[in-house]
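Novice: Here is how the chains run, residue by residue.
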Amino acid sequence: MANNLKDNEFDVIIVGGGITGAGTARDCSLRGLKVLLVERNDIADGATGRNHGLLHSGARYAVKDSESATECIKENMILRQIARNCVDDTQGLFITLPEDADTGYGLDYQKKFIDACIAAGINAKAIDPKDAIRMEPSVNPTLIGAVQVPDGSVDPFRLCAANVLDAKLHGTKVLTYTELTSFIKEGDTVKGVRVHNKKTGEDAEYYAPVTVNAAGIWGQQVASMAGAFVGMYPAKGALLVFGHRVNNVVINRCRKSADGDILVPGDTVTVIGTTSTKIPFEECDDMRVTPEEVELLLREGCALCPSLANTRILRAYAGVRPLVAADNDPTGRSISRGIVCLDHETRDGIKGFVTITGGKLMTYRLMAEWATDAVCKKLGVTVGCVTATTPLPGSEPKDQYNEVKVPSYKGANLGFKASIGRQGSRAAAIDFTKAEDRELVCECENVTLGEIKYAVKELGVTSLLDLRRRTRVGMGTCQGTFCIYKAAAALAAALGKPEMEQKLAEDYLNERWKGMSAVGWGDTLREMEFMQKVYKAGKPSSFKK
Amino acid sequence: MRYDVVIIGGGLAGKTAATALQAKGLKCAVVADGLSLRDVDLKEFVAAGGSLFSGDRVVKANVEDGRVLSLVTERLEDELLVADNYILATGKYFSRGIVADMNSVYEPVFGLDVEADEDRSGWFDRDFAADQKFMSFGVRNYGQGRVALEGVVLTNLFAAGEVLAGITGIEADAKEIIVKSALDAVANIN
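Chains as they are written, first to last, in my numbering: chain U, 1 to 545; chain Y, 546 to 735.
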């Protein structure tokens with residue numbers, strides 16, 4: 001918008017690099033605003049990167065909350081068009097098991113469920129249980145009913161990275177590992193932010209007439225720094241990752257939403273979740289999955305797909321849902337499930353400050369649209385939203401695997417194909433000219449050295465954990481056991497900081513170790529012993545204290 | 546099939562025990578399922594007349610009055626392996642010498658007494674590089690590799706290598722520790 005701004009002046013500052021902040025940065029920049037995005041860790045580090053990766057059809061909400069269901073299916077259809085490289089159209093099943101009849105969720109409920117789906121615009125159809133087994137052979141064969149819905153899976157890391165990339169391509173300045181330390185206020189107006197870069201130790205000030213709080217569960221804290229109160233309730237959700245892609249179709253339970261009743265195939269693995277536990281704010285930054293949660297998820301997961309009982313669990317992880325207290329309930333007990341967009345000027349008398357929260361991964365684009373509308377209203381900008389129809393970088397063309405060409409190499413290998421799967425048409429920018437760049441670094445996920453170099457150059461990578469979010473490096477069956485040493489060397493070289501190699505590897509191994517420790521028995525423990533030995537056995541090892 | 550000694554496990558501990566016992570002039574057999582993390586070669590043992598049941602594993606043991614009578618393997622089916630003495634050198638979790646499930650830690654062939662923390666909260670250190678307690682769990686060593694079933698020490702079964710509690714395989718001198726434990730076990734057999 002304004003074109004006479006200094007380097008540290010922006011039209012809008014967005015706090016939070018999760019999917020909501022990333023989407024808002026993209027929307028604002030597409031409407032011509034000069035945008036600054038600040039994130040205290042990496043993008044997609046909070047709830048964005050710690051969920052199922054489910055492209056909800058909305059069916060789960062249809063009976064109880066038709067508004068959410070309608071929002072979901074609309075966004076589902078939009079994401080299929082604008083984020084092809086992030087979405088896998090797996091379809092989904094809602095199954096009814098014999099025991100569900102005893103709890104009031106038998107085939108009568110199935111009928112009610114289908115009616116509610118159709119009313120919300122979700123194409124749900126009952127199919128014969130035998131056909132459901134044909135469609136998804138891993139499904140519990142005792143099922144008595146099945147409904148097919150347009151579920152899918154979505155890679156939230158990729159989706160977030162694509163939004164950030166597009167924002168950058170439209171001029172957004174992105175500062176990761178940069179923490180908000182305070183707001184710059186003049187009277188009751190937020191004029192900008194003071195930030196601290198955790199990597200370089202530098203402090204800086206940035207100015208904008210509007211600041212957006214898109215900090216997810218940390219939004220309560222951010223709001224309070226600006227002098228506003230937004231009541232949030234951290235609800236932890238735990239999930240388990242299994243060692244291979246057990247199912248090709250999302251499997252849900254056709255009953256009232258409960259713990260552990262969604263099984264989602266995502267890339268090379270399968271994820272079961274989730275639980276829901278209120279936790280104190282202090283735990284949000286370091287969540288551990290408890291044995292009780294693991295037991296519950298396994299038990300419920302096996303009801304959907306009995307073979308999970310004999311499948312190796314790769315790891316466990318947990319995210320926090322940013323639940324918001326409804327503004328119209330003074331007790332704060334009533335939780336709003338929908339999107340909450342607060343203009344703090346009208347609500348609290350604080351000018352130049354907007355909070356966007358609530359909602360879910362599936363509705364991030366709509367949340368961003370609302371937040372950007374609020375920003376534009378404040379700035380007097382009248383440009384409309386185009387994110388529902390503008391593909392994200394990488395999303396063109398339609399038939400990605402066949403139409404995307406990588407000009408730097410004429411041959412074909414798994415690494416290319418995986419790169420196209422992840423980066424979409426942006427994979428064309430990967431340089432595969434040299435043989436070494438075609439070599440696989442991560443063999444579980446088929447990540448080439450070329451893709452790593454591309455991620456460092458284009459996608460703002462500073463650590464192996466960041467690299468994992470952009471390329472899936474180390475996320476497969478070996479959990480980094482075989483590739484992390486190689487990947488650390490490759491990344492350190494690409495960053496031009498060879499001295500960082502050891503630290504990069506250690507940080508990554510510690511993160512994997514955390515997720516594996518929560519499920520440390522059976523085959524997972526075998527892998528853990530193996531990992532210890534690969535890094536520590538033999539001669540003096542730099543991985544041994 | 547009758548031997549002087551049957552060694553279960555073809556890793557470093559099993560190989561060390563087998564060659565030492567062979568050198569004493571004893572007729573030995575090794576059952577090796579191939580899940581060893583160390584590169585171990587049993588060619589010389591075989592060339593010197595040792596029997597190698599490669600790719601096989603012991604699934605059951607017949608024990609009576611504190612004595613192992615015979616072993617059942619997966620592939621020999623009805624043919625029992627019978628010996629005067631037995632060496633258990635099956636390694637830890639990776640090679641399934643020790644098994645941990647959600648509720649217990651056990652030695653799967655004989656059900657020997659093991660040392661392992663019941664409280665799992667201390668099994669893992671958050672720091673990958675730090676000592677990890679689960680790595681030292683294993684079969685309880687009653688001295689010189691002697692092992693017990695419910696507190697009763699067996700008279701003709703001895704354990705060696707990482708299957709034993711206290712041997713992790715990642716000590717700086719792990720090879721020496723494993724070799725010594727195998728020779729300790731062998732010293733019980735004449």
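Hints were generated in silico from the structure; no laboratory data involved. Ideal Cβ placement from N, Cα and C applies to all residues, glycine included. One or more of the hints may lead you astray.
Stated by the list, open to error - Some chain U residues well away from chain Y (every beta-carbon gap over 12 Å; in silico): (1) Q91; (2) P98; (3) R288; (4) D343; (5) A428; (6) L440; (7) A489; (8) N510; (9) R526.
To be verified - Cβ-Cβ distance ranges computed for the label pairs, FRET-style: (10) N733/Y x I133/U: 55 to 63 Å; (11) S599/Y x E436/U: 35 to 43 Å; (12) Y651/Y x K256/U: 35 to 43 Å; (13) Y651/Y x S307/U: 20 to 28 Å; (14) K405/U x E721/Y: 55 to 63 Å; (15) S599/Y x Q91/U: 45 to 53 Å.
Novice: All hints are to be evaluated individually against the structure, with a verdict given for each.
Specialist: Against the structure, the hints:
1. Q91: holds, 33 Å
2. P98: holds, 26 Å
3. R288: For R288/U, whose nearest Cβ neighbour in chain Y is about 9 Å away, the distance does not exceed 12 Å, so it is violated.
4. D343: holds, 42 Å
5. A428: holds, 37 Å
6. L440: holds, 23 Å
7. A489: It holds; A489/U is separated from chain Y by about 18 Å at its closest Cβ, greater than 12 Å.
8. N510: Its Cβ does come within 12 Å of chain Y, the nearest being 5 Å, so this is violated.
9. R526: violated, 5 Å
10. N733/Y x I133/U: 55 to 63 Å: holds, 57 Å
11. S599/Y x E436/U: 35 to 43 Å: holds, 38 Å
12. Y651/Y x K256/U: 35 to 43 Å: holds, 40 Å
13. Y651/Y x S307/U: 20 to 28 Å: holds, 24 Å
14. K405/U x E721/Y: 55 to 63 Å: holds, 57 Å
15. S599/Y x Q91/U: 45 to 53 Å: holds, 46 Å
The structure does not agree with the numbered hints 3, 8 and 9 stated previously, though it agrees with the rest.
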